[in-house]
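Enquirer: Sequence:
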Amino acid sequence: MRIAYLHGFNSGAASIKGRQLGDAIAALPEAARPEYYLPQLAHRPAQAMRMVRRWADAGDRDRLTFVGSSLGGFYATHLAETYGAKAVLINPALHPDRDLAPYLGAQRNPYTGEAYELTAEHFAELSAFKVARIARPQHYLLLVQTGDEVLDYRVAVAFYAGAWQFVRGGGDHAFHDFAAQLPVILRFAGVDPAAVERQRTGAA
Numbered sequence: 001m002r003i004a005y006l007h008g009f010n011s012g013a014a015s016i017k018g019r020q021l022g023d024a025i026a027a028l029p030e031a032a033r034p035e036y037y038l039p040q041l042a043h044r045p046a047q048a049m050r051m052v053r054r055w056a057d058a059g060d061r062d063r064l065t066f067v068g069s070s071l072g073g074f075y076a077t078h079l080a081e082t083y084g085a086k087a088v089l090i091n092p093a094l095h096p097d098r099d100l101a102p103y104l105g106a107q108r109n110p111y112t113g114e115a116y117e118l119t120a121e122h123f124a125e126l127s128a129f130k131v132a133r134i135a136r137p138q139h140y141l142l143l144v145q146t147g148d149e150v151l152d153y154r155v156a157v158a159f160y161a162g163a164w165q166f167v168r169g170g171g172d173h174a175f176h177d178f179a180a181q182l183p184v185i186l187r188f189a190g191v192d193p194a195a196v197e198r199q200r201t202g203a204a
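In my numbering, the protein residues as written are 1 to 204.
I should point out that these hints are in silico values taken from the structure, not numbers from a laboratory. There could be a bad hint or two in this list.
[Unchecked claim] In silico EDC-like cross-links for lysine to aspartate or glutamate, where the CA-CA straight-line distance does not exceed 20 Å:
(1) Lys-130 to Asp-99
(2) Lys-130 to Asp-152
(3) Lys-130 to Glu-81
(4) Lys-130 to Asp-172
Quick caveat, the model's predicted, so the values are computed rather than measured.
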């Protein structure tokens, strides 16, 4: 079993959600612990996808789960369709080539300090990864909050119709109280429910 966490736009491997998921996985009994991949994604979409696909192709591809937040959710959807894998989507972006248009120009990633220019070439690469319709809704777990100040949660609810969905009132784009969803995410990925419960309760 293998799990990857894909961060959002101008975020990073040091982001809170990625670290929280990693901590939850590390706390599982060794026999139940999946491989965890937490990359610092390149700002160029094509390069970011090559990074993740190299990791996916280097191991067992039968029990993959891609967890993605915002832009990472967009990537996770493309990868889930490509590999027939599962995906957990946290306030996912569906049209980043449109939604990121106001950010055209100079950028600096606050997690890495990297400076770069967001250009039309980024949007062209993003367009190539768009999924028109998900083939296996049951392979998706959607986590959205109605208080998302960046994206309209209703767009994701409609697009992922038929998927497992958790729609919570209030919250924000960062997904307030994400840690409370970790047991659900781990079980959805295929981790032994008993191991998840022991980790949650701190039982030996």
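Enquirer: Hint by hint, say whether it matches the structure.
Expert: How the hints compare with the structure:
1. A distance of roughly 13 Å separates the Cα atoms of Lys-130 and Asp-99; the hinted pair therefore holds under the 20 Å criterion.
2. Taking the CA atoms of Lys-130 and Asp-152, the gap is near 18 Å; set against the 20 Å cutoff, the hint holds.
3. Annotation: proposed proximity of Lys-130 to Glu-81 holds, straight-line Cα distance about 10 Å (limit 20 Å).
4. Restraint check for Lys-130 and Asp-172: the C-alpha separation of about 24 Å exceeds 20 Å, so the hint is violated.
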